Amino acid sequence: MAEMDTSSGGGHKKGPGVKKSKKMSTRVDLTPMVDLGFLLITFFIFTTTMAKPKTMEINMPNTKQIEEKDQTKIKESTAMTILLSQDHRIYYYEGLATDPTQPPELKVTYFREKDGIRDAIISKIEKVKALQASGQLDAKDKAAFLIKPDTNSSYKDLVDILDEMTINDARVFAIIDITPVDQEFIALTEKASGVQ
Amino acid sequence: MPKVKLPRKSTNIDMTAMCDVAFLLLSFFMLATKFKPDEPVQVSTPSSVSDIPLPDTSIMLITIDQAGRTFFAIDNKNKRKELIENMNEYKNLGLTDDEMNSFAIGSSLGVPLRQLKSYLASTPDDQRAFDAAAPGIPLDTAITEANELAHWIRSARVVNGKLRICIKADSKTPYPEIQRIVKTLGGLDIFKFNLITALEGVPEGSALARIQLEEANAKSK
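Chains as they are written, first to last, in numbering that gives the first Met the number 0: chain B, 0 to 195; chain C, 0 to 220.
Pulled out of the complex, with its shape left as it was, chain B reads as follows (with noise of 0.2 Å):
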C-alpha cells in the first residue's frame, strides 16, 4: 500500500525501495515578481498626469452691450498703465497718457521678487487710498490698471500679470488692445535707454 510519508525525517528507516520523499522548501524566488511589479509602477509614473491642471477664469469686458451712459471713466489719478513689453520687460506709467502735450514717464522693471512689478503695484493701491484717506478721491474708487500687451509679448506675461492682479488684490483691472501711441512710448524710452 502507498503510504504517505509524513514524518518529517525522524529516522524512520523504511525497508529497501521506498523512497524518502525529498522535503521541498516552501520558499519563492520572488525576484521576478518584484521585476514585474516595478516595472507596472514605472509605466503607470508616465503615463500618469498627478497634477490636474487648474484654470484661471478670466472675464473680458463686453465691448457690444456697454453703451456709452453705462460706461465708468477712470480717474486719471487711481489709474496705471502697464505695457507689457519683449523678452518680459514690463514699461508702466500711472495715469492714462491723455494729454498728448504731456508724455508720461515710463518706468521699466521685470517679473521678479525685489523691486518688480509688484511692488510698483502696492505702491500705486496705497497712494490711492492715501488719496482717499485726504478727501481728494471717493472711497469707491479703486486703484484701476490698464493691462496693454504689446504684439511681441507672451502668453506667460499676460497669465503672470493677471497673476499679480490676483496677488495683490487689485479688483479694478482690464486687458485693453495696446495703442500706436503707447507703442511709441515704449521705443522712444527703448531708444533713450539703448535697449536693441
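If you're looking for bench data, these hints aren't it; they were derived computationally from the structure.
Note that the coordinates shown come from a computational prediction; the quantities given were computed from them, not determined experimentally.
Just to be clear, a hint being listed does not mean it is correct.
[To be verified] Below, in silico cross-link-like pairs of lysine-lysine (BS3-like), each with a Cα-Cα straight-line distance of 30 Å or less: (1) B:Lys147 to C:Lys80; (2) B:Lys21 to C:Lys80; (3) C:Lys218 to B:Lys139; (4) B:Lys51 to C:Lys191; (5) B:Lys141 to B:Lys113; (6) C:Lys220 to C:Lys191; (7) C:Lys8 to B:Lys51; (8) B:Lys128 to B:Lys74; (9) B:Lys22 to C:Lys76; (10) C:Lys171 to B:Lys113; (11) C:Lys78 to B:Lys51; (12) B:Lys51 to C:Lys116; (13) C:Lys161 to B:Lys139; (14) B:Lys139 to B:Lys126; (15) C:Lys191 to B:Lys72; (16) C:Lys76 to C:Lys161; (17) C:Lys191 to B:Lys141; (18) B:Lys113 to B:Lys126; (19) C:Lys90 to C:Lys161; (20) B:Lys141 to C:Lys78; (21) C:Lys90 to B:Lys128; (22) C:Lys191 to B:Lys74; (23) C:Lys171 to B:Lys190.
[What the hints assert, rightly or not] Covered by chain B, according to a simulated footprint, are these stretches of chain C (three or more residues, beta-carbon under 8 Å): (24) 19-25; (25) 96-108; (26) 141-147; (27) 152-162.
Think of the CB as a built atom: it goes at the ideal place given N, C-alpha and C, for glycine as much as any other residue.
Use these hints to put chain C onto chain B, whose structure you have.
For chain C alone, kept in the frame of chain B given last:
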C-alpha cells in the same frame, strides 16, 4: 596566528518585503492615475496662483502651441459625434459615417475644413503624423466665413450649451495669437472663459496670502 574565518553568509535576500513595497506602490499609482489624453501637440502652460480645478465634463479646449497653431476639441464622444454631423451638414463636407466616427473618437483637431475629409479618412497613425505638421484651425480677429474656429465654437455650443471654454496655450505663445482667439470669442459674445494654468505657490506676505489666511480662519471658527 590562526586565520579568522568569516562565516559565509548567504547572498539570497528575502524578496517578500521588496515585493510588498512594489505592489503597494503599484496599487497606489493604478488608483491615482488618470491617463494623459492623447494630445496632438505638447504645450507647457504657465503657472499661476489660481487654484480652481478644471471641470471634468463639458469643456471646450482650445489649444495653441508655441507657433500659434490652434487646435480645437470638446469632450464626450456622443457630443463630438453630434458636432461633426452638424458641421458636415452645415458645411457640406460630404463625410461618410466612418469618417465621422473617426472624429468622434479622436482628440484635438487642427485641420482646416477643406482638408478634414482626407484627414479623417486616414488611419490613426497617419493622423498623428499629420498632426505634427498640422496647420491648425484657420482663424481671424473678426467673425468671417474664413474664421473656421468661430464655426466650430458656434456649432459646439449648439450641441452642448453648458460648454466651458478653456484656453490652453504655451508660455511662449506670442500674445497676438491669444488676442485673435479672444477677439473671436468676443465676436461670438463670449466674454467669460478660462485659461488653463499650472499651480504655483502664493507669495508670502502678499495681499492674497492675507486674504486666504483670513478665509481659513473664518472657516475654522
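query = When the hints from earlier in the document are held up against this structure, which numbers fail?
reply = 1, 2, 6, 7, 9, 12, 13, 20, 21, 25, 26, 27
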